[in-house]
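2 protein chains.
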Amino acid sequence: MADTYITMQTQNLIGYQYLPDTGTKFTGFNPATGTDIPGDFYPASLQEVDDAMNLAAKAFTEYRQVYPHKKAVFLRSIADEINALGDELIERTMAETGLAAARLQGERVRTTNQMYMFAALVEEGSWVEAVIDTAIPDRKPLPRVDIRKMMVPLGPAVVFGASNFPFAYSVAGGDTAAALAAGCPVVVKAHAAHPGASAMVAGAVKKAAEKTGMPEGVFSVLYDSGFSVGEVLVKHPKTKIVTFTGSFNGGVALLKMAGERKEPIPVFAEMGSINPVILLPGALKNRPEELAKTYSDSITLGVGQFCTNPGLLLAIRGEGLEQFKNALAAGVSNTASGTMLTPGICANYGRLTKERFANPHVAVLGHSEKADPTKSNQALPAVIEVSAADFLADPKFMEEVFGPFSILVVSEDIGQLEEVIGSLHGQLTTTIMAEKEELAGYKSITDKLATLAGRVILNGPPTGVEVGNAIVHGGPFPATTDARFTSVGTSSIKRFVRPVCWQNWEEELLPDELKIANPRNIWRLFNNEWTR
Amino acid sequence: MADTYITMQTQNLIGYQYLPDTGTKFTGFNPATGTDIPGDFYPASLQEVDDAMNLAAKAFTEYRQVYPHKKAVFLRSIADEINALGDELIERTMAETGLAAARLQGERVRTTNQMYMFAALVEEGSWVEAVIDTAIPDRKPLPRVDIRKMMVPLGPAVVFGASNFPFAYSVAGGDTAAALAAGCPVVVKAHAAHPGASAMVAGAVKKAAEKTGMPEGVFSVLYDSGFSVGEVLVKHPKTKIVTFTGSFNGGVALLKMAGERKEPIPVFAEMGSINPVILLPGALKNRPEELAKTYSDSITLGVGQFCTNPGLLLAIRGEGLEQFKNALAAGVSNTASGTMLTPGICANYGRLTKERFANPHVAVLGHSEKADPTKSNQALPAVIEVSAADFLADPKFMEEVFGPFSILVVSEDIGQLEEVIGSLHGQLTTTIMAEKEELAGYKSITDKLATLAGRVILNGPPTGVEVGNAIVHGGPFPATTDARFTSVGTSSIKRFVRPVCWQNWEEELLPDELKIANPRNIWRLFNNEWTR
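So the protein lines, in turn, are chains A and B. Here the numbering used here = 1-based position in the first sequence + 16. Here the numbering used here = 1-based position in the second sequence + 16.
In short, the hints are calculated from the structure, not lab data. You can take every hint at face value.
Note that identical chains are pooled: a pair holds if it fits in a single copy or bridges any two copies.
Pairs of lysine to any residue, SDA-like flavour, derived with a Cα cap of 20 Å:
| id | residue 1 | residue 2 |
| --- | --- | --- |
| 1 | Lys309 | Pro159 |
| 2 | Lys510 | Met167 |
| 3 | Lys86 | Glu226 |
| 4 | Lys452 | Leu526 |
| 5 | Lys278 | His441 |
| 6 | Lys510 | Glu139 |
| 7 | Lys74 | Gly442 |
| 8 | Lys510 | Ser142 |
| 9 | Lys223 | Gln33 |
| 10 | Lys251 | Gly275 |
Given only the sequences and the hints, what does the whole structure look like? Please build it.
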């Protein structure tokens, strides 16, 4: 088995150097079989964390000035090298995560597409938000001086790999792609749930950086089976940004660590949410089975291990509700168990669903019994019902149950539904399922949705996130620690930059983006007019 | 005297209601005469703080949806009402701050211009960063769904008035203007150094809000002679943004308070800096007297009470340095004392300059003896010299001395100058004074400047901040707590917003900014092309 992974070097990687192993080894783990996977990993030492951050800071002095087209070549090369890992990467990652081949193949496409997307973005160049106000020497009472501004990179970023996206939100995922595109070196803390996948992708990024002549230290990957490497990374003085996708507790812990720094830095923690879905009466009446199918599919997709999983369905008692409930219950009950990412996640799912089932106010609508006896760490999909009154009385129901689980909350009337909506915390998404004709009658609800979330959806499941220019994957706390930014799509590059202006500066010393002649041919706000 | 201020109501203002006075009264204070000014003020009670924030949150549900043109009318009305306060406002503010009439008249123009600027910005509308990706139903492997995003306001903002800009960074200053333009209600914590000016401007904003039909609670002003009102405001759950301009200790204290909140919120504290100025050898050689004049003027302007005051002059020993020193010393020594804003600021200036003078490594280059015996709270301008080696050895020299004071640091060679520059913390501005021909020879220095500051200046003093589209007033910590935003200029509106996207939404239910027909005629990224 070990021979299969000939392309994988498991050591901590600082710049272009693999480090000697020290400390207590750990291995990958196959959640479906419950067994270890060959390949030994070792936590980075404190000295190695320090070395990685110092090298990243050193690399920044050069990398921040690398010309956009050269950065684009680097990003595309990363995608090419990831593709070159071929089936071996998919196989190793399947073993480590329990995720299916098709899902991982799709996720790899998303991951390489993210690299291509950011390559195109930096090549085109308008993302730097260039603004130019030329001098007006004869302005009264005071002359106007020439000022020109644009975005520049913040500095080294620490990226925490996410357990549930071993490619798209891990070593060379969206955070890494956006940071590198912005001009920020990246130090990845690999997620211990898929160290092998991390090592293989790390090798691909290293190759790409070397081939395209990037400064050493633009990329490093450190491993840890616990939390100390992450803590030292977040507190390191050279760290200028932290990105994280994971649990509420994890995100809040990172925020707290960052709060102990002398210098405050942005911490982008995407902590998931319960993604409420409002089922309006007309839609429930006209197409209860269709809604049920959409949502039993969405709840159980990928064993429910998405941060956009619809954990809360809000309905008003009325026509179609019983049909919806029956069909939803059937859909969920007929879905077989699935392997969860880690024993910890599975144990948590078991504990939380059990707690919910035991609640005297809860009716279990559907609970799959289709366990796969040949596999470990299986989650059985479930959907429960509570009344709006009981939901409002118990804040527990507002907490995310990560996995194929959802709560149907039944209100007696529109007023109670509005009360439920008014009680909700910040979310990544809010969704409304409605007939077009009825929407206008629920303006008080549709207006409220955007105040709760970063993405507002009509007639579709929240699962499935389009990676593009218009997407917002983010939202008010506790969905994230900073609602002002998205962690998906081209705009996610904004997390890694700050503006600088040059006043009365020499034309030839300015970045090309700010030269009057506009050699980069980018869109700019030039004397208050958008031009190119 | 009290009769003069007939337009001033001194009570705490929540929405459209002036509150009964409670607690321990305090008054305005004339720093030049050392005497109290008629007019009694009372700190807001905890209940009143709570009421103000709750009313702001309530107003937000309406104000966030006020149409841009109506917001513009409101902002312009504020400017008009401030102008209508006439000389009375200038006289009261002169008494409270010791600032000269001309300075305050200029600052009032800046303040009303900021309102007009934001009115024009929201009317034009492109600032919302609208992005539209239309559906591609036949895209393979998955269809693309219609997604459209734009910026929306975050919620109620708490604005701390600054002592050194009683108009432009106080009750209706840049922070308030930007927040209101974004769609965020504002609760101002008035600065205790100018309660009368605050009350007069508060009355103007109240009138404007009433006249233009704004929801009550869009604006409130609370007073306090201490810190407890500020603390409760920062920790209040309805507060979604905090802005502050003031001392390092004040900003860090607010950040710490905000860190104790359950929900993290953005805290924009602009804490000033020492604004290093690099004097290159060619410029020193060719025009030492001109440089000295520019900088003695800049150091002493407004009694040095600007966050962009040049507190650090960096030179290499060589031709012209002695002439520069002599002329600088003469310029500073010949500048008469000036009244500082508060006894606390003046005492601090006295203590810190005395500490610097007593340092055995310091040579006092120039120290004005032109004290005005008829006035209290006088600051005497001063400039001192230390060697680069001594500067590098003592971090005290890096700390801001708020007032008409600067340190000339003399390096022995370019290497030592680079070492000094390398030791600097984050700044609002960095400046280089140079002959155009010599600049290319100092690329290692010019490249470094943008990593240290938000604004990089060639051949001009850092004092004087252009309020426009291209300005960046901000910079890496400790200059501010968040280098990603500017607190001056049109872009400062970005501090008060977050993105939201609508997926598969109904055309007629979308904000006008996102309708395909573009009824607002704004610039948008539409299917990856900038169009209007």
